[in-house]
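Visitor: So you can see what is in the structure, the chains are spelled out below.
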Amino acid sequence: MGILEVKNVGKRFGGLQALGDVNLSVAENTVHAIIGPNGAGKSTLLNCLVGKLIPDTGSVMFDGQSVLGRKPYEINQMGISRVFQTPEIFGELSVMENMMIPCFAKRDGAFTPNAFIDMFKDREIVERAEQMLEEMNMADARNDNAATMSRGNKRRLEIGMCLAQEPRLLLLDEPTAGMARADTNNTIDLLKQIKDERDITISIIEHDMHVVFSLAERITVLAQGTPLVEDTPDNIKGHPKVREAYLGETQDAA
Amino acid sequence: MFGLDKKDFRLLLLVAVLVVLAPFLLNPFPEGSAMAQFNAGYPDLMQRFVIFGIFAIGFNILFGLTGYLSFGHAAFLGVGSYAAIWMMKLLTMNVIPAIFVSVIVAGIFSLAVGWISLRRSGIYFSILTLAFAQMSYSLAYSVLTPITGGETGLQPKVTDPRILDGTLANGATPKANLFGLEMGSSFEWSVGGWLFTFNAGYYVAAIVMLVAFYMSIRIFRSPFGMMLRAVKSNQQRLNYTGLNAKPYTLAAFVISGMYAGLAGGLMVAMDTQVGAERMFWTASGEVVLMSILGGVGTLIGPVLGAGAIKYMENILSKINKEILHQWFAFMPDGIEDILVSLVYPFIGKGWHLTLGIIFMLVVIFLPGGLVEGGQRVARLFKRKKPAEDGPDGKTTPAE
Amino acid sequence: MSKMNLTRRGVLKTGAIAGAGVAAPTIFTAQSAAAFTNEPTGSSVTLGFNVPQTGPYADEGADELRAYELAVEHLNGGGDGGLMNTFSSKALQGNGIMGKKVEYVTGDTQTKSDAARASARSMIEKDGAVMITGGSSSGVAVAVQALCQEAGVIFMAGLTHSNDTTGKDKKANGFRHFFNSYMSGAALAPILANNYGTDRKAYHLTADYNWGYTTEEAVRTSTEAMGWETVAAVKTPLTQTDFSSYIAPVLQSGADVLVLNHYGGNMVNSLTNAVQFGLRDKLVNNKNFEIVVPLYSRLMAKGAGANVKGIFGSTNWHWSLQDEGSKAFVKSFGTKYGFPPSQAAHTCYVQAMLYADAVERAGSFNPCAVAEALEGFEFDGMGNGPTLYRAEDHQCFKDVLVVKGKENPTSEFDLLEIVEVTPVSQVTYDASIFGGELGSCNPGA
Amino acid sequence: MEAIILQILNGLDKGSAYALIALGLTLIFGTLGVVNFAHGALFMIGAFCAVTLSRILTLSHTVVDDTQTDFLGNPLKVDVPYVMDWFGETTGAAIIDWAVPLSILFAIPVMIAIGVIMERGLIKHFYKRPHADQILVTFGLAIVLQEIIKYYYGANPIPTPAPAAFKGSFDFGAMLGFDPNIIIYPYWRIIYFAFAAVIIGAVFAFLQFTTFGMVVRAGMADRETVQLLGINIDRRFTLMFGIAAAVAGLAGVMYTPINSPNYHMGMDFLVLSFVVVVVGGMGSLPGAVAAGFLLGILESFASMREVLAVLPGLNQIIIYLVAIIILLTRPRGLMGRKGVMEE
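Protein chains in written order, with the working numbering: chain R, 1 to 254; chain G, 255 to 653; chain Y, 654 to 1098; chain Z, 1099 to 1441.
No lab work stands behind these hints: they were computed from the structure.
Only a predicted model underlies this, so the values are computations on that prediction, with no experimental measurement involved.
Be careful, since some hints might not be right.
[Unchecked claim] With a cut-off of at most 35 Å between alpha-carbon atoms, the simulated DSBU-like pairs for lysine-lysine come out as follows:
1. R/Lys154 / G/Lys486
2. R/Lys52 / Z/Lys1436
3. Y/Lys1057 / Y/Lys962
4. G/Lys429 / Y/Lys754
5. R/Lys121 / R/Lys71
6. Y/Lys1059 / Z/Lys1175
7. R/Lys154 / R/Lys195
8. R/Lys71 / G/Lys500
9. R/Lys71 / Z/Lys1436
10. R/Lys195 / R/Lys237
11. R/Lys106 / G/Lys260
12. R/Lys154 / G/Lys261
13. R/Lys7 / R/Lys52
14. G/Lys486 / R/Lys52
15. G/Lys486 / R/Lys106
16. Z/Lys1222 / R/Lys106
17. R/Lys154 / R/Lys237
18. Z/Lys1436 / G/Lys500
19. R/Lys237 / Z/Lys1436
20. Y/Lys962 / Y/Lys980
21. Y/Lys743 / Y/Lys821
22. R/Lys241 / R/Lys52
23. G/Lys411 / Y/Lys821
24. G/Lys500 / R/Lys52
25. R/Lys154 / Z/Lys1175
[Claimed, not checked] Restraint-style ranges between C-beta atoms, simulated for each label pair:
26. Y/Glu1090 / G/Ser439: 20 to 26 Å
27. G/Ser439 / Y/Gly1088: 27 to 33 Å
28. Z/Glu1440 / G/Met289: 32 to 38 Å
29. Y/Glu1070 / G/Ser595: 35 to 41 Å
30. Y/Thr988 / G/Asp587: 20 to 26 Å
31. R/Glu197 / G/Pro501: 56 to 62 Å
32. G/Ile362 / Y/Leu936: 53 to 59 Å
33. Y/Gln1079 / G/Ser439: 43 to 49 Å
34. G/Ser439 / Y/Thr851: 56 to 62 Å
35. Y/Ala878 / Z/Ile1106: 34 to 40 Å
36. R/Glu197 / G/Ile362: 47 to 53 Å
Even glycine gets a Cβ: it sits at the ideal position worked out from N, Cα and C.
Next comes chain R alone, as it looks inside the complex (with noise of 0.2 Å):
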């Protein structure tokens, strides 16, 4: 049983099948990456997942509980964090503010109107968002105003603060798409890195083929809207039914 269960799961828009009958399972702890060409349904997966779509069949449970009908907020307050495919931060305010927001979540919950304590005099969270800047190797830049950073230091602080609210699953959805290369294998380090020191589960929707091979544990392949084959890298590499999906290309060129 994988902390994150997807059964069946179906979604049209008009006449278009997005997702045909997908089933998944991640397991704890693990990297799980999904991949698949353009309008494979990777993205309808994952949005189906946060709450932003409610799938039309099928079932999504996370640890046991059903995520289908909540709002993105309530299924982040579960334990999912995501990470979006363009760095999302909240621009206009400061790095260090950045951080305590999600430091605040994971302590208060989804609404608490505190509105007459100051923000910097609250220990706990300045003392967690702090830590959490080290980490980050951020702690520096604590006063920039974030919307100033380079993309590679907002998907790092995008990163640092989905972590901070300790999620169980985090969900990347192709964290290094339009970045140079020097910043993608930053990325994978930091990822890598993620993975090693801390009780996670990742799951990652991503095109690089460098990416996916360098994190995942797991494949699953997915092509018009269903899962092809999930398997471990190595086997993904040499799946035939994959490279005549997705690789096509590749081999084409090659």
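Once you've looked at the hints, dock chains G, Y and Z against the given chain R.
Guide: Chains G, Y and Z alone, transformed into the frame defined by chain R:
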């Protein structure tokens, strides 16, 4: 001090000093001098400054922090005013129950409006709030006349029941008071050529305004305030960080609605009269303009914006041609006439023109509003001194 | 304010300078300073002219202001003296009021009660005005009147036509020269019956606020008393600009008269729309379809243009009146400004004069003394024939003009012609019918 | 039945005015994303184009007529328009009579010029600024424009009648077999409706069938991509602004005979036009037009005395009530695009 850090406390102290000394600061010109026209230190205008300051501070908690642009905030001001005047008609001319009830009623009304309007965001939200306010205005002006007085509004009358007050002495008019201290009573101090007026109502309103301002600083610096700024910055990230944006924005909406109600209640306390125009969309637009003119999202900006607009409305509109002739009387006749005709379109009945021009100039040259203007001036003076404000661990909104 | 200004504040200033040798600042409260609010102790007195300078009634306000400036000129002995020459009371000497030079301050009501009160308060608190006058709507008049009652100054209403001003909202410190809805109805009804017959079916469009209600009520009651039938009465929003959906169903209802209980922009638009629909070219019940506008003003008639031709209404005063007072006023106003005055200008001028005269007769600026002098005051020569300022409600009773849009105007000002001068006896009513409590005068100290 | 037909006519007529104003606004606001509070002022300036032209046509010299006297008893000065001198009294009078239709020709270049100047001189610098700044600057501009008009033309409404040929009304009822004089409708309002239909059609056709329109539509959808293609989208947006101003101005010109124009007529329509655009849905031209007609028709029905007898005051709030209901049931109005002005 008061749970504020040094910088905020200094700001609060500065505002408090300005407010307390306003009767001096706003009356810089001696009586009878040509410049006395520009004196603003008389009770009505000083009261309006602080009352609209409160209104704008509250509006800024919603608009400045969450970015939700309400175009119907005047409705809460109006509802608060009606509640206050009814307290004065039914209960007592003491301002405490009137102000208290106006805040409560405005809070309830804004809860209802906010609960519905916050289902939408952006311009759709703005139009929903506008629609509610316009409906309130239209109904108050027409079919609700028995409750609101319609066109002629409501004023306390000698014949009102006022169950807590004793019967008025023969010939006395009901006057708003705070346990006997009449809001209209003033203390005048004449020194040299100057005449300073210290009005009881103004100081009551000013104390309320300082409390309101203090509370707004606390909200700005609180986790709650940070969440509101997070709503403005990136609602998506907020949702995926396990935070429910809706109650935060609704709370901000209700708080700002209660500030508006407080302003409405104070308006009645200072000047016992309500008319439905107070809820017209131009009144809602005015507070939007005040916030933007002063500097959206800054602590002191909206107060400055409110002051600037009310100053122009009350001072510029009262300058007439005769006064211009007196100003320029030292010039030779021909030049005097030319000067008068050059200035004339911008004052008196043309004060709107000046207002419009100032809006445009400020937004073109000072994108952060009047506050940015102040900062630029401050920077000019500070340039030679080393920056004394070290990093204090946060990006505070500019003051 | 002016360098010459010696209002109470000005006097305080000079007093303080005189005592400056003592060095210690003089401290006193407003209450102990004077016998009443803003008592003028210097050589001048300040009046507050509070008129709409922005918004839809700005032109009307501008005309009011012209009239006030003219009145000040005459009071101070300038110009040709205007109505002072024809006024039955001869108390005014042309040397200011009680020998004090008349000065004035102006403000913008914006036709909003809040703005009007702010402006009036600034006149009272900052400029030391001892009397406030002006305005162009009943909402403003009632609001400012209540303020003046509270502050202890006299309010001389400008253009306000609602019964409420001297009815349910009357105040001891407030006075109105202008006529009201009731008088319009009472004056119009007989003329309408004479011209259009007593067997008429009327359709009312009414502005949906206090003034509209009282006007509809007045016209309805008085026309129904003549035998007319009211087919329908529909309320229209103040903010309405296009009245087509209200006018289109009129013909269907079987009505043969349309009464437009509208004022200002509403009236201009509804009348324009009604004429556009060709209502006046129709025959209904074998009678010519007619339109009636209970309250006319020349500025509105100008806005409606040719549409007013042949349409009956009432007005407080019109420049084509041939009595000595009217002729004198038109002459001095026309000479100074180049065009004839509007009824708003006339009523404001007269109010300023009546106030000055009352002060002279009372021998004091004290509001209570002034009020006493005005109460029950009978006068003539101000353009409206013999007039009574009734003591019970502070309303002037005088003849009411029934006018008609002129068919062949000779100029842009020559838009209305007088059909009938309804004698005051026909428009007088009992002071108690509108309720309200006058209270007693408040001198403010 | 007759009443309902009448109110549908009224609704179409009101709706065409709303739709026309909203159309121009939605070009700027709904698609360029600029909160243009000066749009009402453009409508007002259009109306004053008609006033100005009729003033120009009646430019006069004065002749003293000794047979009549003015109000002060002096000989009356009579104004004789120059056009009457030049073209003779009948032709001159006819030209003056046709001032409003002639103003269309006059208003188009004037309004396009105003729109282009406004965009180049001011709005251009505000595309990337927050909406708050756009509100302040356009509101300031609206006040300035309004005050300039007030300075020269006064605050009072100025009657600007339609040509005599279009006075009176057309009897639809007689045509449909009802009693005469039951369903009548003024000629000028019928013309207004037809004119609005033509303008709306022309704008749609322009955007649909010309390359220019295609590029503009693409630019609205994705400005950066279009710019990457090397197309100068800015210049096209400038012209778009000019067109929007012209549409607003023409709506104003044709509106003058319906209601005498005054300097604040723009503000009266401003809020309403924003409501129409938003109810139609941000970024949708058909939505704005549909919402205009919908609100026009509903407003007309709400003003029937049979309705008001049941629900007094409904006519006061109908527009806003409908707006609330639509926005709550359809999150982006009738036909709004996702993501436009939702933040």
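Visitor: Next, verify each hint and record whether it holds.
Guide: The hints, checked one at a time:
For the hint linking R/Lys154 to G/Lys486, the alpha-carbon distance of about 18 Å falls within 35 Å, and the restraint holds. In summary, the hint linking R/Lys52 to Z/Lys1436 is supported, as the alpha carbons are separated by about 15 Å, within the 35 Å threshold. Distance hint between Y/Lys1057 and Y/Lys962 is fulfilled; the C-alpha atoms sit about 7 Å from each other, no more than 35 Å. Our distance criterion of 35 Å between C-alpha atoms is met by G/Lys429 and Y/Lys754, whose separation comes to about 33 Å.
A hinted pair counts as satisfied when its Cα atoms are at most 35 Å apart, and R/Lys121 with R/Lys71 qualifies at roughly 31 Å. Note on Y/Lys1059 and Z/Lys1175: the hinted pairing holds, with a Cα-Cα distance of about 19 Å set against a maximum of 35 Å. For a cut-off of 35 Å, the pair hint linking R/Lys154 to R/Lys195 stands: about 20 Å separates their Cα positions. Straight-line distance between C-alpha atoms of R/Lys71 and G/Lys500 comes to about 12 Å, which keeps the hinted pair within the 35 Å bound.
Simply put, R/Lys71 and Z/Lys1436 have alpha-carbon atoms about 20 Å apart, close enough for the 35 Å limit, and the pair holds. The hinted pair formed by R/Lys195 and R/Lys237 meets the criterion: a straight-line CA distance of about 22 Å does not exceed 35 Å. Under the criterion of a C-alpha separation no larger than 35 Å, the hint pairing R/Lys106 with G/Lys260 is consistent with the structure, at around 30 Å. Annotation: proposed proximity of R/Lys154 to G/Lys261 holds, straight-line Cα distance about 30 Å (limit 35 Å).
For a cut-off of 35 Å, the pair hint linking R/Lys7 to R/Lys52 stands: about 18 Å separates their Cα positions. Taken as a hint, the G/Lys486 and R/Lys52 pair is honoured in the structure, with Cα atoms around 20 Å apart against an allowance of 35 Å. Of the pairs offered as hints, the one joining G/Lys486 and R/Lys106 holds, with about 21 Å between alpha carbons and a cut-off of 35 Å not exceeded. Straight-line distance between C-alpha atoms of Z/Lys1222 and R/Lys106 comes to about 44 Å, which puts the hinted pair past the 35 Å bound.
Proximity of R/Lys154 to R/Lys237 is assessed by CA-CA distance (about 32 Å); at most 35 Å being required, the pair is judged to hold. Restraint check for Z/Lys1436 and G/Lys500: satisfied, since their Cα atoms lie roughly 20 Å apart, inside the 35 Å limit. Note on R/Lys237 and Z/Lys1436: the hinted pairing is violated, with a Cα-Cα distance of about 40 Å set against a maximum of 35 Å. Restraint check for Y/Lys962 and Y/Lys980: the C-alpha separation of about 25 Å stays at or below 35 Å, so the hint holds.
Restraint check for Y/Lys743 and Y/Lys821: the C-alpha separation of about 34 Å stays at or below 35 Å, so the hint holds. Under the criterion of a C-alpha separation no larger than 35 Å, the hint pairing R/Lys241 with R/Lys52 is consistent with the structure, at around 31 Å. Restraint check for G/Lys411 and Y/Lys821: satisfied, since their Cα atoms lie roughly 10 Å apart, inside the 35 Å limit. For a cut-off of 35 Å, the pair hint linking G/Lys500 to R/Lys52 stands: about 16 Å separates their Cα positions.
The straight-line distance between the Cα atoms of R/Lys154 and Z/Lys1175 is roughly 79 Å, outside the 35 Å bound, and the hint therefore fails. For the pair Y/Glu1090 and G/Ser439, the beta carbons lie near 25 Å from each other, so the given range of 20 to 26 Å is met. A hinted range of 27 to 33 Å holds for the C-beta pair G/Ser439 and Y/Gly1088, which are about 31 Å apart. Taking 32 to 38 Å as the suggested C-beta distance range, the pair Z/Glu1440 and G/Met289 does not conform, at roughly 50 Å.
Separation of Y/Glu1070 from G/Ser595 is about 37 Å and conforms to the stated range, judged on CB atoms against 35 to 41 Å. As the Cβ distance of Y/Thr988 to G/Asp587 is approximately 22 Å, the hint placing it in 20 to 26 Å holds. Separation of R/Glu197 from G/Pro501 is about 35 Å and departs from the stated range, judged on CB atoms against 56 to 62 Å. For the pair G/Ile362 and Y/Leu936, the supplied restraint of 53 to 59 Å holds, since their beta-carbon distance comes to about 57 Å.
Taking the beta carbon of each, Y/Gln1079 and G/Ser439 are about 48 Å apart, inside 43 to 49 Å as hinted. The hinted window of 56 to 62 Å between G/Ser439 and Y/Thr851 holds, with their beta carbons roughly 60 Å apart. With their beta carbons about 39 Å apart, Y/Ala878 and Z/Ile1106 fall inside the hinted range of 34 to 40 Å. Between R/Glu197 and G/Ile362 the C-beta distance comes to about 51 Å, which sits within the given range of 47 to 53 Å.
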